[in-house]
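Novice: Spelled out from the first residue to the last, the chains are:
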Amino acid sequence: MEFFKGNKVYDFMSKSKIFAFVSLVLVIFSLFLIFTKGFNWGIDFKGGVEIQIRFEKPVNIADVRNLVSKEFKGANITTFGSPNEILIRLNVNQVSGDVQKSLGEEIKKLLLPLGKVEIRRVDIVGAKVGNELKEKGLKALIFAIIGILIYVSFRFEWRFALASVIALMHDTIISLGAVSLFNIEVNLDVLAAVLTLMGYSLNDTIVVFDRIREEVRKSKINDLATLINVAISKTLSRTVLTSLTTFFVVLTLFLFGGEIIKPFSFTLLVGIIVGTYSSIFIASPLLIWLGFRIDEYRKKLAEIEKRKKEKEKLRQMYQGGVV
Amino acid sequence: MKKLNYRLIIFLLATVFGIAFTIPSFLGKKPRVNLGLDLQGGMYLVLGVKQDEAVKNKLKTIASTIKYISEKKELFIDNLKIDNNKITFELIDKDDMKKMDEELKSIKGIEVKKNIKNGSVEYSVTLTPAEIQKTKEDAIKLAVQTIRSRLDAFGLAEPSVTRQGKDKIVVELPGIKTEKEKQNIKKLISSSAHLELYLVDDEHQATTKEEAAKYGDILLPDKDNPKRMWLLKTPPVLDGSMITDANVGFTQKTNQPAIFFTLNSEGARIFGDVTGKNVGKRLAIVVDNRVYSAPVIQERIGGGSGQITVSSPDEAHILAIALRSGSLPAPVVLLEQRSVGASLGADSIRNSMIALISGFIVVVLFMAWYYRLAGIIADIALITNLFLITAIMALFGATLTLPGMAGIVLTVGMAVDANVIINERIRELIREGVPISKAIEGGYENAMSAILDANITTLIAAIALFAYGTGTIKGFAITMAIGILASMLTAILGTHGIWQYLLASGKKITPRDFGMEE
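Protein sequence lines, in the order shown, are assigned to chains A and B. Anchor point for the first sequence: position 286 equals 1671 in the numbering used here, and the numbering is continuous, going up by one each time. Anchor point for the second sequence: position 38 equals 211 in the numbering used here, and the numbering is continuous, going up by one each time.
Calculated from the structure, these hints are not laboratory results. Any given hint might turn out to be false.
Only pairs whose alpha carbons sit at most 16 Å apart, straight line, appear in this in silico EDC-like list of lysine to aspartate or glutamate [said to hold, decoys possible]:
id	chain 1	residue 1	chain 2	residue 2
1	B	Lys287	B	Asp274
2	B	Lys314	B	Glu376
3	B	Lys245	B	Glu275
4	B	Lys309	B	Asp266
5	A	Lys1393	B	Glu601
6	B	Lys246	B	Asp266
7	A	Lys1390	B	Glu601
8	A	Lys1501	A	Glu1470
9	A	Lys1393	B	Asp266
10	B	Lys290	B	Glu263
11	B	Lys387	B	Glu376
12	B	Lys353	A	Glu1503
13	A	Lys1513	B	Asp340
14	B	Lys360	B	Asp487
15	A	Lys1390	B	Glu614
16	B	Lys339	A	Glu1517
17	A	Lys1494	B	Glu352
18	B	Lys259	B	Asp325
19	B	Lys341	A	Glu1517
20	A	Lys1603	B	Glu618
21	A	Lys1390	B	Glu690
22	B	Lys353	A	Glu1490
23	A	Lys1647	B	Glu601
24	B	Lys353	A	Glu1491
25	A	Lys1493	B	Glu352
Use the sequences and the hints to build the structure in full.
Specialist: Printed below as a string of structure tokens:
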């Protein structure tokens, strides 16, 4: 089976301004959402209590709400996955001071009139822990970005590094925008998903960049836009295939992985789509806009090659005993 | 044998290794992959150690040493006080200054400042920054040890107590079921278990701290009735560090649950002296600043043993363990508690297994359909990859968490990436008219830089996650990293070895084997 046959070169670059515009709109919209609507922080970050319970039969959620609010004013009660399962959320200050008390037991007693209740999960997180996690998450992000910048600059050139990091931020911001838009609860797993999609988006971008680097070295094309078109077209088949397999897998995780993992798989689903899009339509044109010059890069490569050869020559001379 | 090549041999060894060390995990034997608490159920606690309290305690000890020295050596001092992490006192006779300095030198880790007045000398003693650091460090180390030995004594299966960051302790307790068990364990872990014996001051009356201080006393609440305050003479006559053993039993007369403790020889001597001198007075037994009981001393108690009556056998059990394993050097606070029921854990395993298997099947079928033989070879590498991940995790004793499961699922999607890149490169060369055997070699060569660069950048992200992640996220980062490394071995080396073997054994390979239409 072949999706993209032969050596057809698609002209992506001529439309790069349109995609850039689309991306810009998406990024601005996402940033707008992130800063105005914000995130639905889960207890990992904002602290609080979550109690997941299961009834033997589906129950009327209003009844649960009535019974629970007798003791806990302002408790947030929703079904979780199936109609038998219910998630009760409490604020930190509703229970502060008596973390020692058995909340599970108390809830069980309160809900006794509705039938047998199984306490499946009780999470209590102090407010302080959350701030520290946010800080750590941010550190992880910065650390990852710096590491990537250094590595890509070292292996390619600074414009490649900058372009890949911009593409990375583009993907991250849009995915976070979607998380905000769909009110996905942000917990530690979502942070892990964001970092994974960063790795994934880079992966995609690097494969295309690798091809651009190779074309600069091997081909005789002097026009950057044409060269990029060739490189993207040649890697198109791979980009689509890998995105498909990864997408399938994350989709199964989203559909069958259970309620707890949903925020994680949702973030990744969005990330894969955006990541694939950006590695084709955004990362490469960025090279042009950042002022990448084929002739200069070729000169640089030639320089490196020359130095290598000189070293080799010197070594041979040493070994030959001429000096 | 000529047909075998080193790549294939390494791949076969890796496969055997992977399968051999995967099997024990499924039979429940060691080495096996440990399931995280989110998958097997259990309780996860994060405790914060109040290190500043440890520093304060250290100062208190130094202050009492200074008091002891001055009494013993007859160096008269006045106004011995601690505030703002500073001990201050006044040496009444200037001429004693040399002697005092000499004595203070024997106390380690302090800085002494002096201010000479007319006849006296004002001393101010602080801890050196290094000593403060050490005290804080010791406090957390000791807390980890103490909590660990308490849990061991409680008889739980595989408790794990580890330090996290500067001042936190993570306690993981798999297999805890009932709510009551949870409550007991929380009490066991978080009680300081600081036992002190005080003489009750029956001669004075005081309602406030300041009033009590006038008589050199302190006020402490009653355990059962917090409103009832006891006036106690300081310093305490004994403290818990002198306890060698503590057991649970019942009192003879009233049949109340109680803890019977034994003191070391020094403690026994002091206990005997104090009880002998104070017959008819009351002795308060104080645990964690609450008065448990204050019985009247009937006679001199020799032999160095005593009892603390409590309200329930459960409480006795917990307190006895806590007393036996020593007190916490600094109080701990519960910052985070997560408990997952076993049934939820089982559901999570089932769900993620379904996702893993269905995702796996989709990818395997897709690869075989798209690339034919080349796809099947990639699939073989993928299967080995899964075995390898499990085996390596088992050998490292790594913990598989729910995000970790997701990480493996993700690896399945990404592991075939290397093969996709390679196969596309081979197809390209075939299209250019390169003979198959050369196209295969060339394909691997051309694909290498892209695969390496892409995987290394992903690895950098995984390392960042590991460095700053906590708990379950760390587990996710580890599975990701292992997955990436394993996929490089199987997808690059393994498949290459298989092709070389097929070529060497004379199989005719056509473009169709790469899924190309002729």
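Novice: Hints first: check each against the structure and report whether it holds.
Specialist: The hints, checked one at a time:
no., hint, verdict
1, Lys287/B - Asp274/B, "holds, 10 Å"
2, Lys314/B - Glu376/B, "violated, 43 Å"
3, Lys245/B - Glu275/B, "holds, 14 Å"
4, Lys309/B - Asp266/B, "violated, 36 Å"
5, Lys1393/A - Glu601/B, "holds, 12 Å"
6, Lys246/B - Asp266/B, "holds, 13 Å"
7, Lys1390/A - Glu601/B, "holds, 10 Å"
8, Lys1501/A - Glu1470/A, "holds, 12 Å"
9, Lys1393/A - Asp266/B, "violated, 100 Å"
10, Lys290/B - Glu263/B, "holds, 10 Å"
11, Lys387/B - Glu376/B, "holds, 13 Å"
12, Lys353/B - Glu1503/A, "holds, 15 Å"
13, Lys1513/A - Asp340/B, "holds, 13 Å"
14, Lys360/B - Asp487/B, "holds, 11 Å"
15, Lys1390/A - Glu614/B, "violated, 22 Å"
16, Lys339/B - Glu1517/A, "holds, 12 Å"
17, Lys1494/A - Glu352/B, "holds, 12 Å"
18, Lys259/B - Asp325/B, "violated, 38 Å"
19, Lys341/B - Glu1517/A, "holds, 12 Å"
20, Lys1603/A - Glu618/B, "holds, 15 Å"
21, Lys1390/A - Glu690/B, "holds, 10 Å"
22, Lys353/B - Glu1490/A, "holds, 9 Å"
23, Lys1647/A - Glu601/B, "violated, 39 Å"
24, Lys353/B - Glu1491/A, "holds, 12 Å"
25, Lys1493/A - Glu352/B, "holds, 11 Å"
Going down the numbered hints, you'll see the structure goes against 2, 4, 9, 15, 18 and 23, while the others check out.
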